[in-house]
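Colleague: The chain contents come next:
2 protein chains.
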Amino acid sequence: MKSITQTRLGILGGGQLGRMLIQEAINYNISISILDPDPDAPCKNICDHFEVGSLGDYETVYQFGKNLDLLTIEIEKVNIEALEDLEKKGVVVYPQPRIIRLIQDKGLQKQFFKENDIPTSHFQLFNSREQLKAANIHFPFIQKLRRDGYDGKGVKKIADANDLDEAFDKPSLAEKLVDFEKEIAVIVARNEDGEMTTFPMVEMDFNPQVNLVEFLISPSEYHFDIQQMAENIAKKIASSLKIVGILAVEMFLTKDHQILVNELAPRPHNSGHQTIEGNYTSQFEQHLRAIFNLPLGDTRCLTNAIMINLLGEEGYEGIAEYEGLEEILKKDGVYVHLYGKKFTKPFRKMGHITIVDENREKAIEKAKFVKEHIKVKA
Amino acid sequence: MKSITQTRLGILGGGQLGRMLIQEAINYNISISILDPDPDAPCKNICDHFEVGSLGDYETVYQFGKNLDLLTIEIEKVNIEALEDLEKKGVVVYPQPRIIRLIQDKGLQKQFFKENDIPTSHFQLFNSREQLKAANIHFPFIQKLRRDGYDGKGVKKIADANDLDEAFDKPSLAEKLVDFEKEIAVIVARNEDGEMTTFPMVEMDFNPQVNLVEFLISPSEYHFDIQQMAENIAKKIASSLKIVGILAVEMFLTKDHQILVNELAPRPHNSGHQTIEGNYTSQFEQHLRAIFNLPLGDTRCLTNAIMINLLGEEGYEGIAEYEGLEEILKKDGVYVHLYGKKFTKPFRKMGHITIVDENREKAIEKAKFVKEHIKVKA
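For the record, the sequence lines run as chains A and B. Residue 110 in full-length UniProt numbering sits at position 110 of the first sequence, with consecutive numbering throughout. Residue 14 in full-length UniProt numbering sits at position 14 of the second sequence, with consecutive numbering throughout.
Honestly, I wouldn't trust all of these hints.
Just so you know, same-sequence chains aren't split out, so a pair can sit in one copy or run between any two.
Here are the simulated lysine-lysine pairs, DSS-like style, with alpha carbons at most 27 Å apart [claimed, not checked]: (1) Lys242 / Lys345; (2) Lys331 / Lys2; (3) Lys342 / Lys44; (4) Lys342 / Lys66; (5) Lys349 / Lys2; (6) Lys242 / Lys2; (7) Lys176 / Lys153; (8) Lys377 / Lys66; (9) Lys330 / Lys2; (10) Lys371 / Lys176; (11) Lys44 / Lys182; (12) Lys330 / Lys242; (13) Lys236 / Lys331; (14) Lys235 / Lys331.
It is worth saying that the hints were derived from the structure and are not from the lab.
For reference, chain A alone in the conformation it holds in the complex (with noise of 0.2 Å):
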């Protein structure tokens, strides 16, 4: 491959993802094509050359990226037919398309976990509401949609048989409720030579009515042996996969400490936000080491972090004001991360700010108050 400044990289998606990766690719001189289809995308002001255009269409897609060296995703929703055709003509596409094409759909990931002996909780196929319906299957249970869920969208819970007529009626796969004590997460890395490392696994809190993650916690508190398992069951995900880039992987800790892998991210992802501030390498470093097949960085923690998603506040839409930013910086080891959305709406990801101290408790304490006082209105 050419050296790192001489690369020209695309990225599929011009979100907050994208946005962070940039902060970092600058620090290399790479020199960045984005593709989104929204005019007013994070990164459009931010990289050395914007495309507006859909990541669904074939044509779009391979124009981007045909005269680029290296493609990589900020968004797993994208043509897949175009980037194989953009490998054959030797761009390089990383993470490869082939996992890309796996990760798209919830299904075959199950798939793969079952066929790997990645523990994952049981699960089955549906085509149909219908299907559904006449599987019988134990309630409580979980519905997925097997293409296109993200952030919490595309999941329902299915209590009992009167929710079936709410159920998704896509193909989907129903999954039995985990009853978990915490929900936690990898990142895992490996660049083309086959080197491998792990970020420190994390601990997340949901909002339960809309699914984001709301609160998370690194490094985790739990045994060495359960973070071992986790970072053991992350490694063997990527070498089984073979993947180049990161990989996030998010898992259900069950009461009885058992793990159950739960979905995978093949890109930067929420739960490794923290690592910009609380890690020697950020997830967005070791993304861009990864795709370079440049040596990995230092994973370790520098400190304890937390990380709260800034979503837009309910009952408010139009343009976005951040209130309590003053407030918030008051504190010491207070970092704001704001997406550069020009509007907000209810539960919009519009930032994220990530907490420091030395002291755990100290940390959460200053997380509670930051969560408190920060608020996206219009």
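Knowing the structure of chain A, use the given hints to seat chain B on it.
Modeller: Just chain B now, with coordinates in the frame of chain A:
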């Protein structure tokens, strides 16, 4: 003032300092316009609006600034009259034009030190080489151009009478040669409310050939009393000036442990690059907090950090190539910052590398390894 996300910020200068300022400004959704004479300046592709034009030209600077809300600088050599007129028109300019005017002129700087009881080496001002010759100053001494010196340019050592013919024939100052033990620096920040904070003192080793920082070590290991003395001097200068923004104060620590102020820079500075990884808050974020009148950030060190300037290798001129990148990235805690300059030439500042380690000796060892292995060639 408007809220931070609605303020249109202009930066005079689009070099590496502007570039690193933008990397932080992205976190606050700050809309940024850049003015720089070089159409390929490092900030070119990462700002909302990039304008090519002379920083010294009244009309260019005035037109650039008149529709912005807030202006700052990343280089002192700018048209002050335009900034003063923009201020009258209601554009906020930080640092204040009167301070940039003072600091542009090393003669005025020295007089300011004298008038405010800031310790500095003895000096005399001259308008021409003839005047200088006639003064019969005790050899050896340092001659500095009053204006436009930077990065080691505009400074000469006059060792004896023979050197006088080579002396600058422009307004200059002659300074007693300080027999120093170490060059040190403190960066101080002050916001509109008058809140003030200093970064821990750093130690610098200069390359004698080109008078550029070669090794910077943070934090200093000198006795607490010396560090406090240095920080107090920096604070005294910042409060005398009532500066808004950050101010780098370069000082000499003499062999008998007196501190003499060398010179000032009212902007992010080479002596603060290590704060990006080494401190809770970086100098770039601190400058933004100061000029937006936000609470200042925690300046404490996270760990030992060493900064090495990455200069164009002697004997190479042309499109830059970075030799040894992979080699140095194998070491933990090595952070690369390339400045996006396409062409290298001998001693051009092409980037910097920060090396961190909890163990100071290990950090130094790694830094030496990095220095030996990374080269900018063409």
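Colleague: None of the hints should be skipped; say for each whether it holds.
Modeller: Status of each hint after checking the structure:
Taking identical chains as interchangeable, the C-alpha atoms of Lys242 and Lys345 are never at most 27 Å apart, the minima being 39 Å within one chain and 41 Å between chains. For a Cα distance limit of 27 Å, the shortest separation of Lys331 from Lys2 across copies, 22 Å, qualifies, whereas the shortest one inside one copy, 44 Å, does not. When the C-alpha separation of Lys342 and Lys44 is checked against a cutoff of 27 Å, the pair qualifies both within a copy, at 12 Å, and between copies, at 23 Å. In this assembly of identical chains, the alpha carbons of Lys342 and Lys66 lie at most 27 Å apart only when taken from different copies (24 Å versus 31 Å within one copy).
In this assembly of identical chains, the alpha carbons of Lys349 and Lys2 lie at most 27 Å apart only when taken from different copies (23 Å versus 36 Å within one copy). In this assembly of identical chains, the alpha carbons of Lys242 and Lys2 lie at most 27 Å apart only when taken from the same copy (22 Å versus 50 Å across copies). Taking identical chains as interchangeable, the C-alpha atoms of Lys176 and Lys153 lie at most 27 Å apart only when both belong to the same chain, with a minimum of 18 Å there against 71 Å between chains. Neither within a single protomer nor between protomers do Lys377 and Lys66 lie at most 27 Å apart by alpha-carbon distance, with minima of 41 Å and 30 Å respectively.
For a Cα distance limit of 27 Å, the shortest separation of Lys330 from Lys2 across copies, 19 Å, qualifies, whereas the shortest one inside one copy, 45 Å, does not. With identical chains, the CA atoms of Lys371 and Lys176 are never at most 27 Å apart, being 32 Å at best within one copy and 56 Å at best between copies. In this assembly of identical chains, the alpha carbons of Lys44 and Lys182 never lie at most 27 Å apart, being 37 Å within a copy and 45 Å across copies at closest. In the homo-oligomer, the alpha carbons of Lys330 and Lys242 lie at most 27 Å apart only across protomers (21 Å), although the nearest pairing inside one protomer, at 45 Å, exceeds that limit.
Taking CA atoms no more than 27 Å apart as the test, Lys236 paired with Lys331 passes between copies only; the shortest distance there is 25 Å, against 40 Å inside one copy. Taking the closest pair of Cα atoms, Lys235 and Lys331 come within 27 Å of each other only across two copies (22 Å); inside a single copy the shortest separation is 37 Å, beyond that limit.
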